[in-house]
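Throw the hints in and build the complete structure from the sequences for me.
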Amino acid sequence: MKATSKVLVGRQKSPWLAVNLSAALPGMGQIYDGAIARGLVIIAAHLGLVVFIFWSIFAPRGNTLRGLMSLVPLISLYIFNLWDSHHGAKQGITLNEFSPLRYQSSDPWYPVFLSQILPGLGHLFLQQATVGGTLLILGIFTAYLANFNSALLPIPPIIWALGCGLVYRAAPTRQRQWSWLGGLLVAVLLTRLAISSIPFVVPQKVVQCIVPSESMLPTLEVRDRIFVRPRPLGYPLAVGDIIVFSNPERTPIEQAGELKNLMVKRVIALPGQQVEIRDGQVWLNGIPLIESHLVAPILYQWGPKTVPTDHLYVLGDNRNNSRDSHVWGFLPRAHVVGNAYKIYWPPQRVQPLP
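Position one of the sequence shown corresponds to residue 1 (the UniProt record's numbering), numbered consecutively onward.
Be aware that one or more of the hints could be misleading.
Said to hold, decoys possible - Here are the in silico distance ranges between beta carbons for each label pair: (1) 60 x 204: 10 to 20 Å; (2) 297 x 193: 53 to 63 Å; (3) 145 x 278: 51 to 61 Å; (4) 290 x 213: 19 to 29 Å; (5) 130 x 79: 27 to 37 Å; (6) 210 x 176: 52 to 62 Å; (7) 278 x 204: 37 to 47 Å; (8) 329 x 285: 51 to 61 Å; (9) 173 x 117: 19 to 29 Å.
It should be emphasised that the hints constitute simulated quantities derived from the structure, not laboratory data.
Beta carbons: idealized from backbone N, C-alpha and C, even for Gly.
If you want it as structure tokens, here you go:
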């Protein structure tokens, strides 16, 4: 009896609580296990990979393919983090005392872990089909609706956290750790809310656009996918900026929403500037505009005309094969979506735009 008591001393940590903590916040399970240094390393590694992935995909000089490939080590590290937290909590516990199957049947934190995956799974594991099915349907249905209405964004994380809390109460075990449950539910709620908000936050900072034609050759090729920084109406633009805008011959910006309605051109002249095309090149306020990106002289004549207030004069880099301001006139400033700053796909074309 003395030997048995000695073995059990200091071994009251729940492996599945450790897994739950690491599932909500990677590295926290290791800290709970007492491996603080390892937990901090895992936290730093996760944060570093996440920052690197976002930088690689969205930063002008980031490599999109490298960022996407970095998802593999991130997912692998996350899975290792779960296993390691479970393994760390079981140090010194023999398989005869606590096997994984026994944890699955007796540890109240195991159904909580299942409910972190999908709300209701833990209840289904406990054979509470009515509650489990209701939570499962509500979780999936509200998550689907939240894709179309940002006002519903907090609802799925609340259902996820609610499912975890309810299944912990329903587990047939007398031993309870309510303080850990409260902290875990807060972590689940905040983590789910942060992850689910990404699809809504990113489009406010970055717009995707597909180059529809050869009008911007050689700078942009057909089917290049580019990132655009949305700009407010009064944001100052400069000559030479590559901008994306809704087609002034079709849909105003208030009705634009589909990628096929967007066009890409280069700003040539700003309000108040006089623009003229003659002798194979652009003249701005009577001075020839130096454009190193052009591969052929312009074959048409235009102007001189002064750009009116709240308008721009834009041209494609493929000047002789572009439907732009020399065809349909000045571009209303209200049609501008923002500045194109990066080709993010295909991989061989990834590069920053001037």
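Here's how the hints hold up against the structure:
{"no.": "1", "hint": "60 x 204: 10 to 20 Å", "result": "holds (18 Å)"}
{"no.": "2", "hint": "297 x 193: 53 to 63 Å", "result": "holds (56 Å)"}
{"no.": "3", "hint": "145 x 278: 51 to 61 Å", "result": "holds (58 Å)"}
{"no.": "4", "hint": "290 x 213: 19 to 29 Å", "result": "holds (25 Å)"}
{"no.": "5", "hint": "130 x 79: 27 to 37 Å", "result": "holds (32 Å)"}
{"no.": "6", "hint": "210 x 176: 52 to 62 Å", "result": "holds (55 Å)"}
{"no.": "7", "hint": "278 x 204: 37 to 47 Å", "result": "holds (42 Å)"}
{"no.": "8", "hint": "329 x 285: 51 to 61 Å", "result": "violated (19 Å)"}
{"no.": "9", "hint": "173 x 117: 19 to 29 Å", "result": "holds (20 Å)"}
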